[in-house]
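Peer 1: Dock chain W against the given chain X, drawing on the hints supplied.
Protein chains: 2
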Amino acid sequence: MYTIIVYDTLSKNCSKLHKTLKRFLNWNQNSVFEGELTEAQLFDIKKLLHEKRAADSSIIVYELKDAKNLKKTILGEPKGNTSNII
Amino acid sequence: MYTIIVYDTLSKNCSKLHKTLKRFLNWNQNSVFEGELTEAQLFDIKKLLHEKRAADSSIIVYELKDAKNLKKTILGEPKGNTSNII
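One line per chain: the protein sequences are X and W, in this order. Per our numbering: the first sequence = residues 1 to 86. Per our numbering: the second sequence = residues 101 to 186.
Bound-form chain X, shown alone (with noise of 0.2 Å):
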């Protein structure tokens, strides 16, 4: 499925959110994470940020079962490493 992760965390709880969800998917912006994933993939994915999140951090996963039906447009300079998955 299709999925994007937003997370808003302390400063020094970013590099390991980071590192965590580069794994998985495509930096799309500063804390925002894109792609495609199996169920497995996902599982996975969510077991590992419960453990590497800070206390007080917030982590939003969206999931989608078809990216057909995602339109998405970019204001600005892309960041990140995925500005053409879509």
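The set of hints was computed from the structure by calculation and includes no laboratory data. Think of the CB as a built atom: it goes at the ideal place given N, C-alpha and C, for glycine as much as any other residue. The reader is advised that the hints may include incorrect statements.
One side of the interface only, derived from the structure: several residues of chain W facing chain X at Cβ under 8 Å [said to hold, decoys possible]:
hint : residue
1    : Val106
2    : Asn128
3    : Asn169
4    : Pro178
Peer 2: Positioned in the frame of chain X, the structure of chain W alone reads:
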């Protein structure tokens, strides 16, 4: 259509983008807004964001015809003012 907007900008530009987006959408996390918009509202919001964003900012607009296909999970404490929209 259902819209998710995430931004990455200088801290001094955050307040301007936040104020613009909260006129139309629900604040979801630090720099994440989402909600249902008409085509006209989406046009207006993109125009306003172009005017108000800092030069080196990056704003991603995700558009979905139907939010029924979108599953949302929050790890940690929900922030913002919409934890149960979807």
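Peer 1: Look at each hint and say if it fits the structure.
Peer 2: Each hint tested on the structure:
no.: 1; hint: Val106; verdict: 5 Å, holds
no.: 2; hint: Asn128; verdict: 7 Å, holds
no.: 3; hint: Asn169; verdict: 6 Å, holds
no.: 4; hint: Pro178; verdict: 7 Å, holds
When each numbered hint is compared with the structure, no violation occurs for any of them.
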